[in-house]
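J.: Sequence:
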Amino acid sequence: MTTVPISNIRNFAIVAHIDHGKSTLADRLIQMTGGLTDREMAGKEQVLDSMDIERERGITIKAQTVRLNYRAKDGKDYIFNLMDTPGHVDFAYEVSRSLAACEGSLLVVDASQGVEAQTLANVYQALDNNHEIVPVLNKVDLPAAEPEKIRQQIEDVIGIDASDAVMISAKTGLGVPDVLEAIVTRLPPPKGDRDATLKALLVDSWYDVYLGVVVLIRVVDGTMKKGSRIRMMGTNAAYDVERVGYFTPKMEQVDELGPGEIGFITAAIKEVADTRVGDTITDDRKPVTEMLPGFKPAIPVVFCGLFPVDANDFETLRAAMGKLRLNDASFSYEMETSAALGFGFRCGFLGLLHLEIIQERLSREFDLNLIATAPSVIYKMHLTDGQEIEIHNPVDMPDVVKIADIEEPWIEATILTPDEYLGSVLKLCQDRRGAQKELTYVGSRAMVKYDLPLNEVVFDFYDRLKSVSKGYASFDYHLTDYKVADLVKMQILVNNEPVDALSMLVHRTRAEGRGRAMVEKMKELIPPHMFQIPIQAAIGGKVIARETVRALRKDVTAKCYGGDITRKRKLLEKQKEGKKKMRQFGKVDIPQEAFIAALKVDS
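Each number in our numbering comes from the position in the sequence shown (counting from 1) with 441 added on.
These are computed hints drawn from the structure, not numbers from a lab.
Quantities reported herein were computed from a predicted structural model and do not represent experimental measurements.
Careful, some of the hints might be misleading.
DMTMM-like, lysine to aspartate or glutamate: derived pairs with alpha carbons at most 20 Å apart [stated by the list, open to error]: (1) Lys930 / Glu848; (2) Lys821 / Asp840; (3) Lys590 / Asp860; (4) Lys666 / Asp634; (5) Lys964 / Glu938; (6) Lys983 / Glu961; (7) Lys666 / Asp724.
FRET-style restraints, in silico, Cβ to Cβ [stated by the list, open to error]: (8) Gly827 / Ala679: 53 to 61 Å; (9) Pro588 / Thr950: 26 to 34 Å; (10) Arg726 / Val445: 23 to 31 Å; (11) Asp751 / Pro584: 25 to 33 Å; (12) Asp751 / Ala992: 25 to 33 Å; (13) Glu965 / Ile830: 33 to 41 Å; (14) Asp837 / Asp751: 44 to 52 Å.
Don't be surprised by glycine CBs; every beta carbon is placed ideally from N, CA and C.
Work out the full structure: start from the sequences and follow the hints.
T.: In structure tokens:
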């Protein structure tokens, strides 16, 4: 293959809200530039979404890249490197690294739905990376499409000129050739010095059974050659490059990648954890002095315990976690035991979607039946002896006497909702201890910014938001800081025994309501035993809510007919004594369903 001059390379990402047609547009671009033949595309939508989960949910989880060759109207040959990025807030850091590898973005907006919360979040990230942005209005062939109105909306909300937005329908292919020309004429080429020392950005990495870890890179300066020795500056590890190449979506090997090019390398790396997204790769013999800006390790935000329903599956779960960890460095886990649920793992995730995806992959790819405990976040505790500790499992909380204060993480949430649901959305945020920051209007839709405590959001905020807005509200957030809060540890006691899987940290004002809901739910779920079972919610030694599961009773007086009342009373007293004794020594069996349902309790 002849090397194309750097001025004929275009690196671009497609940014959009979920379901606005990002992956479908990518399919059309691949098809029209001949990346894959029609036969290879046949019967397969979203070529770049390789996981089953990605295809079913219609979301992109891993950033993908593809190199396309395009002959423009001016007769020159161009190379396009297309990045298909995840649109979801949990993967915001991966998105920012993918965007750092490009010079421009196609902003895809659904012409019938308009600008959504994640459209905004992703566009602002692209603008932070100094991207040139080409607005693309998709789905213009739909009867509900209002391209003129949406154009105006893009200008009002995002503040970029949309007068020459490209009108397309990615599904039918209408207008897609105009997108290809716009990429050539409106996006800038990359900059880079071929003769300088090697400097490359690590965009992403994943595990391949045959090749080990495959690393996706963007060469900034210098050349990445096969057989050279490279160093990762973040982990300070050195490797020999075995393969260099790019995706067309198929893997194609080449001898070297020059500045401005995006491709992959393999170098006998064993674990994805050794290749950190955002790291700088340089030549081992003469390394560069400065790393590329913006590198930060992935930090888990949400934690929850995962336990196998069948205790015999524990080893399978351990192996499955190890395999997922190979492919996802942002997922962390450690072993834990629980009196109620047996052996399991405490896992850390980037957010709720990440948690859901890992859970689904465990059950689907490894055929595991799991119980997840209530998700919690990282709390910072300042102890009276001056120490500061981080806690993400309520069970590990030190004695109340030793704690000076507790800080919890807060987020800034942006919610876009149609006007008629605004009241319910505001009430929901208010109920979750939120503080309103601003409220603006975007056409007929309201955009609200709220400060919210993260632990109120991880519980079931997203589901509630979708139900109060009939699915129309869109939601995006980022962590802001930690604030001191009046938090207490609430325990659920069944027959005076604490059930550790159900203990949680809650705000004092919300404790009673949450506790009451919990015990009422448990009362329905625990089957009656031969003795009475008290179910209590307690903070320290103080019980804040109680329900009682009635005992099953045998009619011991059935054989008495007629005669004196004292005979009956004697039998009843004897039964009462027996029940008292049973209650002292009896063990309550809590069925697994009860845990699953109680953890889903809705406030």
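J.: Starting from the hint 53 to 61 Å, judge whether the C-beta atoms of Gly827 and Ala679 obey it.
T.: At 42 Å between Cβs, range violated.
J.: Between Lys983 and Glu961, is the straight-line Cα distance small enough, at 20 Å or below?
T.: Holds, at roughly 18 Å.
J.: Is the hinted pair Lys821 and Asp840 satisfied, with a Cα-Cα distance of at most 20 Å?
T.: 15 Å, holds
J.: Tell me if the straight-line CA distance from Lys964 to Glu938 falls inside 20 Å.
T.: 15 Å, holds
J.: Within 20 Å, alpha carbon to alpha carbon, are Lys930 and Glu848?
T.: Status holds; Cα separation ~14 Å.
J.: Given the range 25 to 33 Å, decide if the beta-carbon distance of Asp751 to Ala992 lies inside it.
T.: 30 Å, holds
J.: Hinted pair, alpha-carbon criterion (20 Å max): Lys590, Asp860. Please report holds or violated.
T.: 17 Å, holds
J.: Holds or violated: Lys666 with Asp634, Cα cutoff 20 Å?
T.: 15 Å, holds
J.: Okay, Asp751 versus Pro584 on CB: inside 25 to 33 Å?
T.: 51 Å, violated
J.: Kindly confirm whether 33 to 41 Å is satisfied by the beta carbon distance between Glu965 and Ile830.
T.: 37 Å, holds
J.: Could you grab the alpha-carbon distance between Lys666 and Asp724 and see if it respects the 20 Å cut-off?
T.: 10 Å, holds
J.: Do the beta carbons of Arg726 and Val445 sit within 23 to 31 Å of each other?
T.: 28 Å, holds
Checked against the numbered hints above, the structure violates hints 8, 9, 11 and 14; every other hint is satisfied.
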